[in-house]
Each structure stands twice: as structure tokens, then as C-alpha cells.
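In order, the protein sequence lines correspond to chains D and A.
Throughout the first sequence, residue numbering follows the numbering used here, covering 1 to 356 in sequence.
Throughout the second sequence, residue numbering follows the numbering used here, covering 1 to 129 in sequence.
Treat the hints loosely; a few may be bogus.
[Stated by the list, open to error] Computed list of lysine-lysine pairs in DSSO-like fashion (alpha-carbon distance at most 27 Å, straight line):
hint : chain 1 : residue 1 : chain 2 : residue 2
1    : A       : 89        : A       : 44
2    : D       : 69        : D       : 51
3    : D       : 353       : D       : 333
4    : A       : 89        : D       : 197
5    : D       : 203       : A       : 44
6    : D       : 333       : D       : 347
[Claimed, not checked] Short, incomplete list of chain D residues facing chain A, as computed with Cβ under 10 Å:
hint : residue
7    : 36
8    : 284
9    : 295
10   : 300
11   : 307
12   : 334
13   : 335
14   : 339
Keep in mind the hints are simulated off the structure, nothing from the lab.
Beta carbons are placed, not taken as given, at the ideal position from N, Cα and C, and that holds for glycine.
Single-letter residue listing:
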Amino acid sequence: MSTTSNIIQLIESPLHDPINMPVLYPVQAGDTLSQIITQYYDITYHDPRYKAAEASVVYFNEALTNPDKIYAGQLLRLMPLPNHSEVLACEIPNDFNPYELPATLSRHRLEPMGVNYTRSLEQHIPTNPAEQKAFWTMAWWDYAYPTLSHGAGAGFIATGGVVGQSNTMLLNNVKVLYEQYQRGFISKGQYDYGRQKLLTQYKSLVGPLEKVLFKGQTTQEAMRITRYKALPATINFQNYAQKMGRLAKSATSGGVILSAASLGIGCYQIATSDDQHEKNEIFVETVSSTIFGGLAGFGVSILLFSNPVGWTIAIAAGVGVAASSIGVGKLAKSFYNAKGDSVDLVKEWGVDKVCN
Amino acid sequence: MQLIFDQLSTAFFNLMGVNFLLIPLSWLTISYIIPNTLLARYFKTPHFGPTELIFLAQFPGSLLRGGMFVAACVMPQRGKRRQMTDVPKYAPRWYMISSQIMFYGVFLGFGGVWVALFLILLAMLPFVG
Numbered sequence: 001m002s003t004t005s006n007i008i009q010l011i012e013s014p015l016h017d018p019i020n021m022p023v024l025y026p027v028q029a030g031d032t033l034s035q036i037i038t039q040y041y042d043i044t045y046h047d048p049r050y051k052a053a054e055a056s057v058v059y060f061n062e063a064l065t066n067p068d069k070i071y072a073g074q075l076l077r078l079m080p081l082p083n084h085s086e087v088l089a090c091e092i093p094n095d096f097n098p099y100e101l102p103a104t105l106s107r108h109r110l111e112p113m114g115v116n117y118t119r120s121l122e123q124h125i126p127t128n129p130a131e132q133k134a135f136w137t138m139a140w141w142d143y144a145y146p147t148l149s150h151g152a153g154a155g156f157i158a159t160g161g162v163v164g165q166s167n168t169m170l171l172n173n174v175k176v177l178y179e180q181y182q183r184g185f186i187s188k189g190q191y192d193y194g195r196q197k198l199l200t201q202y203k204s205l206v207g208p209l210e211k212v213l214f215k216g217q218t219t220q221e222a223m224r225i226t227r228y229k230a231l232p233a234t235i236n237f238q239n240y241a242q243k244m245g246r247l248a249k250s251a252t253s254g255g256v257i258l259s260a261a262s263l264g265i266g267c268y269q270i271a272t273s274d275d276q277h278e279k280n281e282i283f284v285e286t287v288s289s290t291i292f293g294g295l296a297g298f299g300v301s302i303l304l305f306s307n308p309v310g311w312t313i314a315i316a317a318g319v320g321v322a323a324s325s326i327g328v329g330k331l332a333k334s335f336y337n338a339k340g341d342s343v344d345l346v347k348e349w350g351v352d353k354v355c356n
Numbered sequence: 001m002q003l004i005f006d007q008l009s010t011a012f013f014n015l016m017g018v019n020f021l022l023i024p025l026s027w028l029t030i031s032y033i034i035p036n037t038l039l040a041r042y043f044k045t046p047h048f049g050p051t052e053l054i055f056l057a058q059f060p061g062s063l064l065r066g067g068m069f070v071a072a073c074v075m076p077q078r079g080k081r082r083q084m085t086d087v088p089k090y091a092p093r094w095y096m097i098s099s100q101i102m103f104y105g106v107f108l109g110f111g112g113v114w115v116a117l118f119l120i121l122l123a124m125l126p127f128v129g
């Protein structure tokens with residue numbers, strides 16, 4: 001017979017694998033705890049694993065103090081069980097009372113995330129029952145893989161943003177979803193729904209770039225399970241995620257440093273030029289285009305506030321801002337040349353020293 | 001004409017130096033100091049679309065978000081389509097003042113005058129030099 005510490009060790013063992021995140025189950029009106037356990041874990045009341053499942057549910061839901069006191073809308077965290085043989089080997093006694101399990105450090109690993117997450121969800125719960133079901137399925141995804149909701153959009157940089165690592169995580173999540181389905185943690189329906197949802201989300205994020213990124217294929221066509229050449233089933237997800245990751249990294253880094261780099265290049269040209277007039281021209285052109293870019297960018301943000309637009313228009317506006325700022329820089333240079341009393345801005349403002 | 005052009009262009013280049021320091025710094029600051037209360041209340045659907053929520057969450061997209069919240073404070077009536085007309089009610093006083101300084105002082109003041117000078121110089125360019 002097992003001791004309490006053996007039982008705790010058993011039900012905590014799935015925590016050692018990060019893939020084993022709890023499912024958030026919202027209690028429905030008329031649900032009983034035993035019904036939830038038998039349905040979710042797909043076991044009967046007389047199954048030897050039932051006691052372990054009950055212990056796990058009670059253990060990971062601190063608010064559960066009495067099986068008769070669950071209420072509609074309450075969120076339960078349902079952890080995956082350890083494998084069958086481990087559960088059977090534990091031999092949980094029939095008179096074991098899961099409500100007497102002491103709290104341990106491992107259980108509290110779930111607490112802060114669970115509490116905050118539940119609070120953050122409350123305001124988004126849809127009223128339509130059908131939508132609610134889909135919402136909770138996706139809520140579990142969000143809980144298990146928070147990167148879904150924490151995008152690292154690359155902002156002004158279209159390519160970096162479009163194939164950004166946060167978006168690429170969606171592809172990785174399909175892979176993880178498939179692995180969970182293979183391990184029996186989720187049903188075929190859950191897998192299909194989750195996969196469809198993730199790929200649709202990815203498709204909407206990459207927009208018209210989809211065909212370029214996937215060599216003429218759609219996201220759904222490219223992201224298929226591999227069933228040939230003795231390759232791993234999820235090799236497509238892995239390869240594309242890696243490719244997008246590399247692309248996003250270079251595009252994002254390149255884009256973010258672009259404005260800084262243009263200033264840096266200007267500075268380098270100022271430092272290396274022997275002609276003082278040329279140095280001033282470069283300085284005026286670079287700084288004017290940077291200022292105009294900043295002002296126009298701020299103007300675009302004000303415009304976006306009053307007129308929500310799609311990402312394609314936003315990118316087009318960004319490209320327009322970039323193009324016009326280059327034009328402004330060139331015109332400012334011509335002002336400098338047309339100025340009768342030529343001033344040495346580079347020397348007066350100490351730009352020469354800084355760049356050197 | 002050349003004399004006026006020279007004086008205006010001197011003002012233009014001096015203002016260019018001021019703006020070069022002022023605009024990026026103030027925009028970065030105003031984007032960084034958006035109060036959490038405003039973000040928690042408004043930075044979600046239906047005020048922002050799902051793509052916007054990803055796009056504007058982190059740098060450099062967060063700069064656009066900063067500009068949008070400034071606009072929400074100084075011209076709330078323009079936020080009808082985003083259902084954000086009541087932002088000033090919930091924005092702290094210090095953030096309202098900062099937004100007004102950013103919008104009227106930096107953007108319209110320093111930036112606006114610089115752009116106006118640019119346009120005047122552009123119009124004068126064919127007649128000088």
C-alpha cells in the first residue's frame with residue numbers, strides 16, 4: 001500500500017514534463033465531480049485509476065474542499081495522469097481520502113499562473129454556448145502555450161512581423177498539438193479543431209505572403225503530417241518553423257536597426273568624407289529624413305487611432321512614410337545648398353567629433 | 001528673397017537639431033509610460049483587432065500604440081470607431097498633461113513649425129540659389 005507521499009509523488013510526476021499542462025475545464029450546470037473525472041480521463045468509477053485521477057483533481061484545485069461543492073462556471077485544472085502502469089503500481093488504498101492531501105511546493109507551481117490566467121479570461125468569455133465551447137478549447141491552448149497570446153510583432157518591419165517568431169510559434173504549436181494527440185492527451189476532435197484554428201490564425205497573419213513563404217502552397221497544404229520516406233510525422237512543421245524563425249530573426253533584427261543603421265551610415269560617411277560641405281549635406285539629409293520619418297510615423301499612429309485599418313494598409317502607410325522621408329531628406333539637402341551664407345553645422349554642433 | 005530664405009533656412013536647421021533630440025526621445029518616453037489602467041481597459045478587443053494586439057504589443061509597434069493613446073487623450077472624439085471616446089475619464093492627470101505636451105508641444109509645436117518651414121522653403125527654392 002502506498003503512503004501519502006508516494007501518492008503525491010505519483011500525481012505530481014506529470015509536472016516534470018513541461019508538455020503536461022493542465023486543461024482548464026469550466027464546470028457546467030448539472031456536472032458532478034465524478035462525472036467530470038470519468039469523462040475527462042475516460043475511466044469508470046470502478047477503474048483502479050479513478051482514485052489517482054480524483055486525487056490529482058483535488059490536489060491541483062486548492063479550492064476543492066468537498067466533492068459536492070462545485071458550481072457552474074468554476075474552473076477546474078485537470079492535469080494529465082501518469083502512465084497506466086505507474087498508476088497501478090502505486091496501489092492507492094480504497095479508504096484513501098484525497099481531501100487530506102497536504103499542500104506541497106509542486107502544487108503551488110501552478111497557482112500564480114492559474115489565478116492570473118483565470119482572471120484575465122473572465123472578461124473575454126463569450127455568451128454564445130457554442131462559442132464558449134470553442135473559447136475554452138482555445139483557452140486551454142493559451143494557458144498551455146502563452147506565446148499564442150504574447151506576440152512579438154515586429155511593428156514597422158513587415159516581413160519580420162509577418163513571419164515573426166510569435167507567429168512561427170503557431171506552427172510549432174500544431175506540432176505539439178499533434179504530439180499530444182498521439183500521446184492520448186487530447187481527442188481527434190480537439191486536435192482537428194486546434195490545428196484548424198492555429199493554421200487559420202497563421203494564414204490571416206501572413207496574409208498574401210503565404211504563397212511566397214510556402215513556395216506557392218497554402219498554409220493548410222504546406223502544414224501536413226508526413227506519412228512517407230520514414231520521416232517523422234511532424235517534419236514539415238519543424239522545417240517550416242525553423243525556416244520562418246531564421247527569416248524572422250534576420251528581418252526583424254535588420255528592420256529594427258534599420259533607422260539606427262541609417263544614422264550610423266550617415267555618421268560613417270561624415271567621418272570618412274574629406275569635404276566639409278559634403279559632410280554637411282549628408283548630415284542635413286540624414287537628420288531631416290529621420291525627423292520627418294518620426295513625425296509622419298506619429299501622424300500615422302494618430303490616423304490609426306481614428307481609422308482602424310487592416311495590416312496591409314498599415315504596411316503601405318509605413319512604406320509611404322519611409323519613401324517620403326527619403327524625399328524630404330533630399331529636399332533639405334537642396335535647401336542647404338541654396339542657402340547663401342553657408343554654415344558649418346557639422347563642426348558647430350560637434351557632429352564631426354561624435355562621428356569620428 | 002535670398003535673405004529671407006537664408007534666415008528661414010537657419011531657423012529650419014536649428015529646429016532640425018532640436019527636433020532630432022526631442023521627437024525620438026519624447027515618443028519613446030510617452031510610449032513607455034502608458035498607464036497600466038489604460039492598457040488593461042482599452043488594449044483589448046473590441047477597441048483593437050487581434051492582429052493589432054499582436055502587432056502593437058512590443059517594440060517597435062508599441063510606438064504606434066503610444067501615439068494612438070496620446071491621440072485618445074487629446075482628441076477623444078476621434079475614437080468613435082474604436083469605442084474609445086471616454087479615455088480622458090480614466091487617464092491619470094499626469095498622463096493627460098504628458099499627452100498634451102507631446103501632441104501640442106512636440107508634434108504640432110516643434111514638429112509642425114519645422115514642417116511649415118520646410119514647405120515655405122520648398123516654395124521659395126525655385127527663386128533662390
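Hints and how they fare:
1. A/89 x A/44: 18 Å, holds
2. D/69 x D/51: Between residue 69 of chain D and residue 51 of chain D the Cα gap is close to 18 Å, so the pair holds against 27 Å.
3. D/353 x D/333: The hint holds at about 21 Å.
4. A/89 x D/197: Violated: residue 89 of chain A and residue 197 of chain D sit about 37 Å apart, past 27 Å.
5. D/203 x A/44: Roughly 21 Å separates the two Cα atoms, so the pair holds.
6. D/333 x D/347: 17 Å, holds
7. 36: 30 Å, violated
8. 284: 7 Å, holds
9. 295: 5 Å, holds
10. 300: 7 Å, holds
11. 307: 7 Å, holds
12. 334: 6 Å, holds
13. 335: 5 Å, holds
14. 339: 5 Å, holds
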